[in-house]
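Residue numbers (our numbering), protein chains in the order written: chain A, 96 to 462; chain B, 96 to 462; chain C, 96 to 462; chain D, 96 to 462.
Treat the hints with caution; some may be incorrect.
In this list, chains with the same sequence are indistinguishable; a pair is considered to hold if it fits within one copy or across any two.
When the alpha-carbon atoms are kept at most 35 angstroms apart in a straight line, the in silico DSBU-like pairs for lysine-lysine are as follows [unchecked claim]:
1. LYS420 / LYS410
2. LYS403 / LYS420
3. LYS241 / LYS144
4. LYS410 / LYS310
5. LYS260 / LYS403
6. LYS144 / LYS260
7. LYS144 / LYS420
8. LYS260 / LYS310
9. LYS368 / LYS241
10. LYS410 / LYS296
11. LYS144 / LYS368
12. LYS144 / LYS403
13. LYS241 / LYS410
14. LYS296 / LYS241
15. LYS260 / LYS410
16. LYS420 / LYS368
17. LYS403 / LYS296
18. LYS410 / LYS368
19. LYS310 / LYS403
20. LYS296 / LYS310
Don't read these hints as lab results, they were simulated from the structure.
4 protein chains.
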Amino acid sequence: MSINSFGRLFTVTTWGESHGPALGATVDGCPPGVPLDAEMLQRWLDLRKPGQNKYTTQRREPDAVEILSGVFEGQTTGTPIQLMIRNTDQRSKDYSDIMEKFRPGHADITYWQKYGIRDYRGGGRSSARETAARVAAGGVAREALKVLVPDLEITGCMVQMGPHKINREAWDWDQIAQNPFWTPDAQAAQDWAAYLDELRKSGNSVGAVIEVVAKGAPAGLGAPIYGKIDTDIATAMMSINAVKGVEIGAGMGAAELTGEDNADEIFMGNDGKPVYSSNHAGGVLGGISTGQDLVCRFAVKPTSSILKPRQTITKSGQSAEIITKGRHDPCVGIRAVPVGEAMMACVILDHVLLHRGQIGQNRGPIG
Amino acid sequence: MSINSFGRLFTVTTWGESHGPALGATVDGCPPGVPLDAEMLQRWLDLRKPGQNKYTTQRREPDAVEILSGVFEGQTTGTPIQLMIRNTDQRSKDYSDIMEKFRPGHADITYWQKYGIRDYRGGGRSSARETAARVAAGGVAREALKVLVPDLEITGCMVQMGPHKINREAWDWDQIAQNPFWTPDAQAAQDWAAYLDELRKSGNSVGAVIEVVAKGAPAGLGAPIYGKIDTDIATAMMSINAVKGVEIGAGMGAAELTGEDNADEIFMGNDGKPVYSSNHAGGVLGGISTGQDLVCRFAVKPTSSILKPRQTITKSGQSAEIITKGRHDPCVGIRAVPVGEAMMACVILDHVLLHRGQIGQNRGPIG
Amino acid sequence: MSINSFGRLFTVTTWGESHGPALGATVDGCPPGVPLDAEMLQRWLDLRKPGQNKYTTQRREPDAVEILSGVFEGQTTGTPIQLMIRNTDQRSKDYSDIMEKFRPGHADITYWQKYGIRDYRGGGRSSARETAARVAAGGVAREALKVLVPDLEITGCMVQMGPHKINREAWDWDQIAQNPFWTPDAQAAQDWAAYLDELRKSGNSVGAVIEVVAKGAPAGLGAPIYGKIDTDIATAMMSINAVKGVEIGAGMGAAELTGEDNADEIFMGNDGKPVYSSNHAGGVLGGISTGQDLVCRFAVKPTSSILKPRQTITKSGQSAEIITKGRHDPCVGIRAVPVGEAMMACVILDHVLLHRGQIGQNRGPIG
Amino acid sequence: MSINSFGRLFTVTTWGESHGPALGATVDGCPPGVPLDAEMLQRWLDLRKPGQNKYTTQRREPDAVEILSGVFEGQTTGTPIQLMIRNTDQRSKDYSDIMEKFRPGHADITYWQKYGIRDYRGGGRSSARETAARVAAGGVAREALKVLVPDLEITGCMVQMGPHKINREAWDWDQIAQNPFWTPDAQAAQDWAAYLDELRKSGNSVGAVIEVVAKGAPAGLGAPIYGKIDTDIATAMMSINAVKGVEIGAGMGAAELTGEDNADEIFMGNDGKPVYSSNHAGGVLGGISTGQDLVCRFAVKPTSSILKPRQTITKSGQSAEIITKGRHDPCVGIRAVPVGEAMMACVILDHVLLHRGQIGQNRGPIG
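Sequences are here, hints too, so could you generate the full structure?
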């Protein structure tokens with residue numbers, strides 16, 4: 096298994112560096128007959144694209160995706176889909192100052208320790224730019240899911256910026272597309288704008304928490320023990336740049352609950368399917384989906400490329416102070432929203448396909 | 096890849112049900128020449144074993160592990176190591192009441208929805224008993240690591256029970272082995288004992304947070320993008336029964352930090368290796384280990400098998416009330432401590448082997 | 096992926112040594128609801144069992160298989176099935192003479208070169224005894240296929256012993272179970288008996304060619320490019336001990352054909368499915384099954400453990416002469432017949448499951 | 096694991112269709128620090144390139160490979176290497192006649208049966224053009240092997256065309272580069288030229304046998320039971336378009352040998368390493384390399400696209416006669432020679448890396 100791949104039947108291998116000729120994703124295992132063209136994918140890339148407002152890096156690239164294979168006459172053929180995004184804005188000179196110094200909190204030093212090679216151009220493979228390839232691949236997954244699970248709806252949003260959490264009572268799905276932070280709380284959007292402005296001006300950055308919800312996933316997805324759908328969701332999110340924590344349902348807060356509080360009670364719904372009194376489980380029991388909303392959250396750490404001076408060392412082991420100029424995101428979590436959605440789409444599609452492969456028999460009478 | 100396996104070069108496949116004839120682990124990829132016998136593994140199993148005090152299930156089994164293959168004249172041969180634990184205390188009658196009803200918060204319903212088959216005997220494959228196989232496999236990993244990374248030390252402990260967190264100022268590594276909760280805070284151990292007693296008597300249960308720390312792991316382990324060591328640690332922990340959240344280093348709290356606060360500053364140590372002012376990164380940058388302590392935490396939800404009555408449905412879709420009798424853990428997180436350690440050992444060994452395979456060249460001058 | 100595993104969705108990991116406590120197979124990915132018990136598997140093991148006539152090794156073991164997990168109330172549950180066969184006849188003393196010497200043509204020397212460890216007890220992991228585990232696993236696959244592809248029929252037979260090929264004109268399927276060589280040619284069975292008697296008495300051994308035919312496999316199994324069903328069949332057969340060549344359909348003989356002769360012409364059958372004028376393709380085009388018989392052959396080299404003296408070296412590098420006493424097969428190919436059948440069953444089941452996973456849409460109007 | 100990938104630590108995923116915008120290979124797991132540029136790869140592609148003489152298809156394409164990622168300042172970085180070859184000569188009109196008809200012996204019908212989608216443009220994914228991507232990836236493997244195993248030499252050649260085998264007594268390695276058939280027998284080259292001319296003029300085609308030899312591979316590569324190096328070589332070769340049989344060492348001929356004849360006797364060489372009296376084993380015992388030449392052969396069937404009329408059916412199930420016009424290879428085996436070399440290079444590199452990962456200890460004193 097390539098260490099740059101994820102997925103079992105629907106597999107995605109991302110490739111490419113921040114400042115190389117191109118980056119992309121090799122997408123294998125998409126079922127045949129799915130309508131697909133580049134515009135369908137471009138739509139999601141445009142959401143992730145930097146430079147759209149003052150809260151994201153000012154690097155400006157069209158991030159235009161090309162489909163090089165696997166699609167014929169507007170439909171997937173069942174063969175590998177190669178997605179390529181050319182890098183066009185490669186101002187490497189911005190990074191010349193950090194050729195010798197390691198940025199604290201950045202992968203500079205560990206890549207050097209592991210590989211003995213330093214691609215100083217904007218982080219090379221460790222750049223958040225790699226996530227563009229994920230978003231493109233997620234777009235393929237979404238189109239396949241439209242065919243296979245038409246009712247599925249995947250939505251990501253920001254629920255915390257720095258220490259500031261949203262008010263969950265004020266949750267409004269329609270707000271998400273209305274503000275630059277993809278937050279469902281209109282008041283939070285206003286407050287965060289002021290907060291982030293100040294941080295940005297001071298050359299600092301801040302972390303965030305993203306929540307991704309999938310509505311309409313069928314019961315029965317996932318498999319014990321190491322193919323649990325919640326494990327796979329956690330894996331997918333943790334693999335995103337800068338993510339330091341992942342939660343399913345009640346998440347870390349599950350530790351505080353009693354068994355009585357935690358157990359989501361079960362009733363029969365009008366459509367003959369089980370309904371639940373609550374969703375502490377985040378839609379997963381024993382690694383298998385219940386049919387409730389799949390809910391996950393992940394924490395994105397603050398960008399380490401900041402204007403604040405920090406102590407570090409050089410490649411030759413000398414002490415040094417570093418300030419990272421260049422065009423960076425004050426809250427890189429913002430751009431992680433569409434990435435989280437893309438990962439969720441990939442995991443769900445993979446499990447829909449796996450479920451079909453695993454189960455040759457009737458399922459139980461309820462699901 | 097078997098869905099009951101984890102690992103890339105050091106792979107573990109667990110098998111077996113709570114009340115079947117036996118359970119175990121097929122361990123492949125252990126290097127040859129590692130001294131190994133059953134007692135070395137038994138030691139770890141004894142730590143996880145239920146029934147040792149009033150805070151864990153009263154099911155009493157010796158959990159004696161047999162090595163069926165892969166060891167010759169006291170050494171591993173490089174071939175698969177089969178570990179088997181016979182089930183001896185299979186009081187299936189305890190569960191007869193729940194043959195028809197689904198326990199809220201338990202995998203009963205999803206297994207039924209997915210497989211159309213119900214192994215009502217103590218949860219079958221979804222039982223926490225599966226973790227015995229993990230602990231045995233982790234024991235193999237530990238012995239291999241003793242040879243390959245002699246300085247490595249892996250320690251798990253409980254840092255939160257229900258809403259009660261430890262006082263980190265009072266952290267004392269030596270306390271961990273002194274109390275039934277494996278907590279480094281002596282005062283917390285006392286407080287939790289009283290708290291848990293009460294919960295247990297009321298037939299309720301509660302969640303917990305476990306922290307696992309690996310000291311002495313070399314820099315350079317892990318690989319971008321989907322083979323990151325922190326992702327693999329998170330995957331391993333999330334795959335444990337009842338885990339709902341995983342954190343690396345600052346974890347979910349990273350969202351609250353500014354870039355200035357989060358960036359662990361770098362200095363040169365006296366031994367020519369980098370040292371850091373702090374460890375918000377949890378020992379990992381860009382998915383590759385820094386040489387600092389690897390730190391992860393995970394939240395374990397409360398046992399869903401409780402004496403408190405809850406609403407549920409039956410297999411035939413009728414409403415019902417359920418009380419789960421039987422012998423259960425009031426805080427199953429306690430027994431998750433050695434499981435977390437075992438998973439950490441497996442992941443680190445896998446990455447030590449992977450690193451050797453990936454890198455055919457010199458590493459950089461610092462690492 | 097464990098290096099002792101094969102398969103993608105239906106995976107088999109074999110474990111165990113010739114003279115250890117036990118050997119077996121961890122079988123994962125079997126669909127739920129398949130009727131299964133130990134007797135169903137024992138039937139196939141009995142066919143492979145040594146000591147049944149004078150043409151196979153006189154080692155006598157019951158080779159009784161136990162199912163340790165994955166089956167509940169007579170049905171598979173969808174969880175891993177652990178199969179264990181205890182070793183009971185472990186006369187290690189037979190091998191004491193070869194502790195220091197490497198048998199020419201045997202894996203003794205390469206295991207030593209690779210692992211620096213020598214399990215001299217009957218070949219350890221490299222013993223043909225490993226194939227018992229494959230046969231047991233293949234039995235599971237056969238039971239699942241009975242449910243999923245009821246018309247499928249898998250038959251192996253011997254078509255060549257030493258230089259003596261069968262007369263294909265005399266092919267009679269019913270003969271296969273009537274002679275100790277599983278050959279469809281009654282006359283060949285008689286001739287081979289005399290030939291092998293002589294070889295056996297002289298302490299020599301000889302090779303063979305096995306053919307395995309699967310009738311009734313549906314069209315559409317397999318996937319380009321590295322998941323071709325013919326590649327997977329070849330992989331499975333080549334992984335069997337002592338196999339040195341594998342052929343699909345016309346096999347090596349395809350080199351001699353012209354395009355005109357090789358192309359199996361296509362017609363419409365009465366049932367609306369394609370029929371073919373011939374089967375040079377062995378039932379596979381472009382890695383995908385056509386619906387014709389899947390046909391593969393493999394060559395098994397002669398046993399290297401013979402009474403004839405051969406030149407070799409010792410572990411310490413001294414020249415030596417070696418005669419391998421002990422109980423060996425004069426034509427180990429005989430016992431490879433049920434092994435080849437088992438591997439074919441595993442590959443076909445895996446591809447049936449994969450096909451279900453890969454294809455979420457309608458297939459074409461013909462298949 | 097993507098079904099369009101092969102390899103464990105060094106993985107190659109090929110993508111692209113005959114007449115799409117581009118095709119290529121995603122190469123992951125190449126160690127860092129290997130000198131690499133596009134010219135190094137182009138050299139091997141030029142060997143495989145069609146249209147170089149009258150014996151290969153007259154399609155003319157530069158087949159220029161671009162390296163899109165994974166290389167920085169002339170060296171591999173340890174991150175995925177994306178190789179892209181644009182398709183420039185896409186005369187789709189040549190194929191318009193076969194949009195409805197299935198070519199006998201071709202994957203047309205099975206792709207249709209499996210996917211329900213027909214990429215009639217030159218075979219789409221099933222075209223031999225896919226092998227260009229393999230050759231490019233093999234070029235990467237060769238460069239890495241230059242660093243890791245400097246003495247390794249991999250050479251492929253044709254040893255049989257149609258019924259005409261070479262005279263092995265006349266084997267001359269230097270002849271291989273001197274004739275259009277890459278055969279080591281000068282006389283055969285002359286005879287085959289006349290034979291193939293006639294076939295080509297008559298619109299027919301013919302099969303061939305290719306032999307690939309790797310000199311200088313160290314002992315100890317490969318691993319029992321399903322990670323045997325000979326199994327992996329067989330898998331790699333069988334996955335090539337049109338291959339119907341694979342042999343290691345004595346191959347299918349091993350069936351004819353006695354144990355006495357087959358066992359390669361062992362002696363101590365002057366350099367303290369074992370030497371062998373013969374190489375029936377093809378350099379592999381028990382799935383592990385001995386240090387002798389690794390020898391494999393594979394049979395390539397004749398091209399099914401021929402000018403001879405054949406009976407077939409259409410997509411709608413009507414009987415039809417078909418003649419395949421267009422530009423095809425009378426002996427596609429010729430172009431399989433560099434492909435076989437490339438696959439051998441990939442397998443050996445993968446096993447060199449695996450061996451480093453698997454073995455953490457000293458190896459035995461001989462190897």
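Here's how the hints hold up against the structure:
no., hint, in the structure
1, LYS420 / LYS410, "within (19 angstroms within a copy, 62 angstroms between copies)"
2, LYS403 / LYS420, "within (10 angstroms within a copy, 59 angstroms between copies)"
3, LYS241 / LYS144, "within (24 angstroms within a copy, 41 angstroms between copies)"
4, LYS410 / LYS310, "between (48 angstroms within a copy, 24 angstroms between copies)"
5, LYS260 / LYS403, "both (25 angstroms within a copy, 33 angstroms between copies)"
6, LYS144 / LYS260, "within (25 angstroms within a copy, 41 angstroms between copies)"
7, LYS144 / LYS420, "within (20 angstroms within a copy, 48 angstroms between copies)"
8, LYS260 / LYS310, "both (23 angstroms within a copy, 34 angstroms between copies)"
9, LYS368 / LYS241, "both (22 angstroms within a copy, 32 angstroms between copies)"
10, LYS410 / LYS296, "within (30 angstroms within a copy, 60 angstroms between copies)"
11, LYS144 / LYS368, "neither (40 angstroms within a copy, 39 angstroms between copies)"
12, LYS144 / LYS403, "within (25 angstroms within a copy, 51 angstroms between copies)"
13, LYS241 / LYS410, "between (49 angstroms within a copy, 28 angstroms between copies)"
14, LYS296 / LYS241, "neither (42 angstroms within a copy, 50 angstroms between copies)"
15, LYS260 / LYS410, "neither (39 angstroms within a copy, 41 angstroms between copies)"
16, LYS420 / LYS368, "between (56 angstroms within a copy, 27 angstroms between copies)"
17, LYS403 / LYS296, "within (11 angstroms within a copy, 55 angstroms between copies)"
18, LYS410 / LYS368, "between (61 angstroms within a copy, 11 angstroms between copies)"
19, LYS310 / LYS403, "between (42 angstroms within a copy, 30 angstroms between copies)"
20, LYS296 / LYS310, "neither (39 angstroms within a copy, 39 angstroms between copies)"
Taken one by one, the earlier hints fail for this structure at numbers 11, 14, 15, 20, listed in ascending order.
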